[in-house]
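Peer 1: Sequence:
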Amino acid sequence: MTQLKAAIIGGGNIADSNHIPALKQLAEQVEIVAVCSRDLNKARALADKHAIAHAFADTAELYRQCAPDLVVICTPNYLHYPQTMEALEQGCHVFCEKPPALAAQNARDMANLATSKGLTLAYNFQLRQTSEWALLMRCKTDGLLGSIYHIKAHFLRRRGIPGWGYFTNKTMQGGGALMDLGVHVLDLALCALDYSTPDQVLGNTYDFIGKAGGKGLMGTWNPTTFEVEDASTAYITFPNKASIMLSASFALNTQADKDRNLEIFGSKGGVKLFPFTLHTELAGELADVQFPYLEETDIQLKNTAAFLDACQGKPSTVCTGEQGAILQEIIERIYQSAES
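Quick note on numbering: the sequence shown equals residues 1 to 340 in UniProt numbering.
Don't read these hints as lab results, they were simulated from the structure.
Given the structure is predicted, the values throughout are model-derived calculations rather than measurements.
All clues given are correct.
In silico DSS-like cross-links for lysine-lysine, where the CA-CA straight-line distance does not exceed 25 angstroms:
{"#": "1", "residue 1": "K258", "residue 2": "K272"}
{"#": "2", "residue 1": "K24", "residue 2": "K49"}
{"#": "3", "residue 1": "K258", "residue 2": "K152"}
{"#": "4", "residue 1": "K258", "residue 2": "K215"}
{"#": "5", "residue 1": "K42", "residue 2": "K5"}
{"#": "6", "residue 1": "K211", "residue 2": "K170"}
{"#": "7", "residue 1": "K302", "residue 2": "K272"}
{"#": "8", "residue 1": "K140", "residue 2": "K314"}
{"#": "9", "residue 1": "K302", "residue 2": "K314"}
{"#": "10", "residue 1": "K5", "residue 2": "K49"}
{"#": "11", "residue 1": "K268", "residue 2": "K152"}
{"#": "12", "residue 1": "K98", "residue 2": "K152"}
{"#": "13", "residue 1": "K5", "residue 2": "K117"}
{"#": "14", "residue 1": "K5", "residue 2": "K98"}
{"#": "15", "residue 1": "K5", "residue 2": "K314"}
{"#": "16", "residue 1": "K268", "residue 2": "K140"}
{"#": "17", "residue 1": "K140", "residue 2": "K272"}
Listed next, with one range per pair, are the computed distances between beta-carbon atoms:
{"#": "18", "residue 1": "N253", "residue 2": "S131", "range": "27 to 37 angstroms"}
{"#": "19", "residue 1": "G118", "residue 2": "F208", "range": "45 to 55 angstroms"}
{"#": "20", "residue 1": "K42", "residue 2": "Q290", "range": "37 to 47 angstroms"}
{"#": "21", "residue 1": "M137", "residue 2": "T237", "range": "22 to 32 angstroms"}
{"#": "22", "residue 1": "A51", "residue 2": "L217", "range": "32 to 42 angstroms"}
{"#": "23", "residue 1": "A57", "residue 2": "T2", "range": "25 to 35 angstroms"}
{"#": "24", "residue 1": "K314", "residue 2": "A51", "range": "20 to 30 angstroms"}
{"#": "25", "residue 1": "E89", "residue 2": "Q200", "range": "34 to 44 angstroms"}
{"#": "26", "residue 1": "G146", "residue 2": "P21", "range": "35 to 45 angstroms"}
{"#": "27", "residue 1": "L294", "residue 2": "R64", "range": "39 to 49 angstroms"}
{"#": "28", "residue 1": "D259", "residue 2": "S131", "range": "14 to 24 angstroms"}
Here a beta-carbon is modelled for each residue, glycine too, at the ideal position from N, C-alpha and C.
I would like the entire structure built from these sequences, with the hints used as guidance.
Peer 2: As structure tokens, this is what we get:
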């Protein structure tokens, strides 16, 4: 197996804690040759920490000196599009953090360019790699759910407005809770419906708590510079009458500090994903079937491995560029509906 050369673009926590450790565990397949950040000192510190040979502040210099086979993009949302397009033009496979981009057309252009060049473009939606999701897919394939016709998907924080980074800056992030949290569970819901394109999208966004301020559980934020939504809801329907109810929040007056789940309703059975429970009929009686022995998995490691599989033309469960374009269009339609 030919070892691929990888470069990390972005010097923050997601690169340090998620992507670099995962890639290093897959050293037989890939070698990290460089880190690139607009702050050269930050890039050099991260490279030194992980014994990576090169550090750059300029992507053009990265490509000239190192000629990587793939890049992992771990930068703020507004940079995903230009950096992905540049990497694809340089002939690199791309593993990009979520969300795909700030605009649906950007995500579509990214997918089209990857396809035209025969390169892999994928997005880091790690929840696809949980044991619960794998079990759900087996239940679906085995016909235990019948036809899936409705999904409730939510990722809620009670007071989880990040008190660091760019999460409340609309220009850099494009949005708030929906862009940061909602996309994860929306990806799963769309996977369960085979990534169909919806015919109707209705959405609302809210910023009451973000702009008012208050107690935070993830640091403090400045309400006077809060530019994004602190909560979002959406109702999404499909031509076959299937539907998704989506909710996401940085801040919501609810009981749990954090609540992330999917409920999936089918004609033969239903599922609550976390912890996994199958709602069905057995021996003529209603039954709730639980699975207490599901393995804990390193979902970042598995998603990175799935990306490398895709780069080598193997079957893969990673979120594709095409799926990312469909998801980004739905996100854009939610925001457009909320503004109308």
